[in-house]
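2 protein chains.
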Amino acid sequence: MKKIINDPEQVAQEMITGMLLAAPNKLKQLKDTTVIMRKDAPIKRKVGIVSGGGSGHEPAHAGYIGSGMLDAAVIGEVFTSPSVDQVYEAIKAVDSGEGVFLVIKNYTGDVLNFEMAAELATAEGIQVEQIIVNDDVAVEDSSFTTGRRGIAGTIFIHKIVGAKANLGGSLEEIKRVAEKAVANVRSMGMAITPCSIPAAGEASFTLSEQEMEIGIGIHGEPGIERKPLATAKEIATELTQKILADINLQKNDEVAVLINGLGSTPDMELYILNKEVQQILKEKEIHVYQTFVGEYMTALEMGGCSFTLLKLDDELKSLLDHPSEAPHFIVK
Amino acid sequence: MKKIINDPEQVAQEMITGMLLAAPNKLKQLKDTTVIMRKDAPIKRKVGIVSGGGSGHEPAHAGYIGSGMLDAAVIGEVFTSPSVDQVYEAIKAVDSGEGVFLVIKNYTGDVLNFEMAAELATAEGIQVEQIIVNDDVAVEDSSFTTGRRGIAGTIFIHKIVGAKANLGGSLEEIKRVAEKAVANVRSMGMAITPCSIPAAGEASFTLSEQEMEIGIGIHGEPGIERKPLATAKEIATELTQKILADINLQKNDEVAVLINGLGSTPDMELYILNKEVQQILKEKEIHVYQTFVGEYMTALEMGGCSFTLLKLDDELKSLLDHPSEAPHFIVK
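Sequences listed follow chains G and D, in order. Throughout the first sequence, residue numbering follows full-length UniProt numbering, covering 1 to 332 in sequence. Throughout the second sequence, residue numbering follows full-length UniProt numbering, covering 1 to 332 in sequence.
Calculated from the structure, these hints are not laboratory results. Because the structure is a prediction, the values reported are computed rather than measured. Certain hints may be false.
Remember, identical chains collapse to one label, so a pair may be satisfied in a single copy or spanning two.
[To be verified] Below, in silico cross-link-like pairs of lysine-lysine (DSSO-like), each with a Cα-Cα straight-line distance of 30 Å or less:
#, residue 1, residue 2
1, K282, K233
2, K227, K332
3, K227, K31
4, K44, K317
5, K251, K282
6, K242, K39
7, K44, K233
8, K92, K227
9, K44, K26
10, K311, K28
11, K332, K28
12, K180, K311
13, K284, K26
14, K26, K227
Turn these sequences into a full structure, and let the hints guide you.
Dropping the structure here:
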């Protein structure tokens, strides 16, 4: 598959350079690492918030760096967890004495490396807490995961914990809202076309011209079922039903909705899907508090989408509404 | 080519419904039209700003509706100009008595229909002025255009005129800054993969697995040359040189840079291109005041990019920095 790159082995490093050159007043790179952080970090009297993972999911996670969301993103090679050392350096760099909170997507490599880094930092006297995001209802266990995968719902967790930290929340208070948000968030995706890792040079999977895969992961990991390409309405119905079957939503409950593009799906199609999802929720008398449509957690140039629902209470609503300066999350 | 849609003939209408449902507190639809506008329009004591064109270029133009940018976007069918009536209704709807300014991309259908609508509105006693954006240096005349095409540089024009209107600028003052900005903006694009119009069902052009097209338009109109796929550095050099050959930039001049994805190009590749463009400009001692990287003016799921340079003076810098509430343009 075609790429606009220089060297397949250098894509993550060159992307980082390009990101820093695009926002020289907002971002800095932690020396000799693949960590990008707020230029003004560490922020005094604030818990530091760190996330990250393999690259290829942009704008996740570096696009969520900014006041009200992340202090640092640790960037791995494409679809590859960053190393323990990188995460450890990020933790040290954003700690202002109030401790550091880690948001980890549930992939075996990420969990292992972030938790080991947390142990190293704890041994150095830094307080560290973490949350593992496992919002994808499609499958239990997968190519790179024990349990459920973490996908686009992670962006809501960034927002919630970032807001709580900005409001002066302690590490324990941040952990409490993170646990509530993770308990309340569910996602599921589907794909119509594959992506390819630059260094591999070939598509991560194949689907025929009339086929789609329901429940696929953001690295092309297998989903639940391959079947004929359906309409937007049918796809919206299937994904929403699977999510609703897994989350306790009653009439008059409030949710935030995220319709996420995986890479090559035009905004036009995401908005058509949004029309269908909103109709389904309206029929169930579930109230939509905020809707987000766009590319938030991609899989390189994969064609497809994911839906995320976050069940809200007053606390989560106010954290969702808290200002954010992260360039890829606009508070409505 | 695969699409996540319901009915190929209804994609623009269904997209509009989905857009409105995503932002019910910010946007409204003008009754019986395909015009989306600020919910609080018309804005008293402010010139109304209207743009639009065929759909399929999202987030252009509805994503730029908001305080500091557009008051309304007129949305046509995919790659098809909206009708005279639609534009005329938009003009009437956003006029608060201060007049209306139209930003038109240079395509024959758009120019004809927007200008005819302006004449109708003028006959009704509404003051209307307009600017035609023709930033694409690739080709003179094209499938749908006499003269140069209007592409992603149009977003900078939205920002400049929207800011001037917000600051209380008169119709004449807005026209003056629009003319200056259009005289100072240049763009050029390239593609590696095609898009397909939903109702057509097939790719708008074909390129082999090892081929790219330089200078292509945002509807797949022919560019300058087809040749073997080059590196990001070579592509950045070619596009930047073509732009610089057409604009009078001296050492120490300041520019805004827009690296725009055409639809399916991952952010990773856009940032790698940005790294190269910044290096070229640095070598020429041209100062970059602001950089924007992402999807601003797409061509459905086309793979490729465009570069835009806007030469700045103090007035244009302050207008670029003016706050915007449009969800798809973040002031840096």
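Check each numbered hint against the structure and report the violated ones by number, ascending.
-> 2, 3, 6, 7, 8 and 14
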